[in-house]
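Please construct the entire structure, taking both the sequences and the accompanying hints into account.
Chain residues, written in single-letter form:
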Amino acid sequence: DGGITQSPKYLFRKEGQNVTLSCEQNLNHDAMYWYRQDPGQGLRLIYYSQIVNDFQKGDIAEGYSVSREKKESFPLTVTSAQKTPTAFYLCACFSTGTVNEKLFFGSGTQLSVL
Amino acid sequence: QKEVEQNSGPLSVPEGAIASLNCTYSDRGSQSFFWYRQYSGKSPELIMSIYSNGDKEDGRFTAQLNKASQYVSLLIRDSQPSDSATYLCAVNPGGGNKLTFGTGTQLKVEL
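From first to last, the protein sequence lines are chains P and X. For the first sequence, the tail end lands on 115 under this note's numbering, and the numbers increase by one without skipping. For the second sequence, the tail end lands on 421 under this note's numbering, and the numbers increase by one without skipping.
The hints are simulated quantities; they were obtained by calculation from the structure and are not laboratory data. Some hints here could point you the wrong way.
Derived lysine-lysine pairs resembling DSBU-like cross-links, with alpha carbons at most 30 Å apart [stated by the list, open to error]:
# : chain 1 : residue 1 : chain 2 : residue 2
1 : X       : 377       : P       : 84
2 : P       : 103       : P       : 58
3 : X       : 408       : P       : 103
Structure follows, in structure tokens:
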């Protein structure tokens, strides 16, 4: 099945600890994105990558880092500088086309701080 | 000013009624518009996309776009309890494929 796989589903981190969220896709899409959703809020863009070995900051990039060494993979590291206690992290990739452009989401990672 | 605005709700409608969800956006250069449905604890799933002024229908769902008024809406006919979810409006401002999302409207369909 084609899709986006995020892992782990749930993650707990201690203050001062860095953690990495995994995102893998087999849809052969160039563009990949990381969004954060705070409780009861909409989605805000953290980082995005339009092509391998290139990525751009989104609206809330502080405290995060990414890499894009392979087309299929776009991992997100939440560093100790990121103070948000609990949030839902969503990885997505974008399918382009004149009538079929669409942002596909993975199943998400719920990150909590102990 | 928020780029994409939605009423947070909750919007309560009786089963079988029409639910009307609204969204306004600020970037006049926006070309494509999307409605996503999100159940609690789950990721958003695309319901409708719309690119031209007017109405677009898909089953019980109708998306309406008015670029002059910078307004997008979603109508859900014959609302069912399974439609109870948060509905997110998203806009692709001026291309570039960076969707901007509203905060979502919570819909409750009551028996």
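>> Run through the hints listed earlier and report the numbers of any the structure violates, in increasing order.
In response: 1
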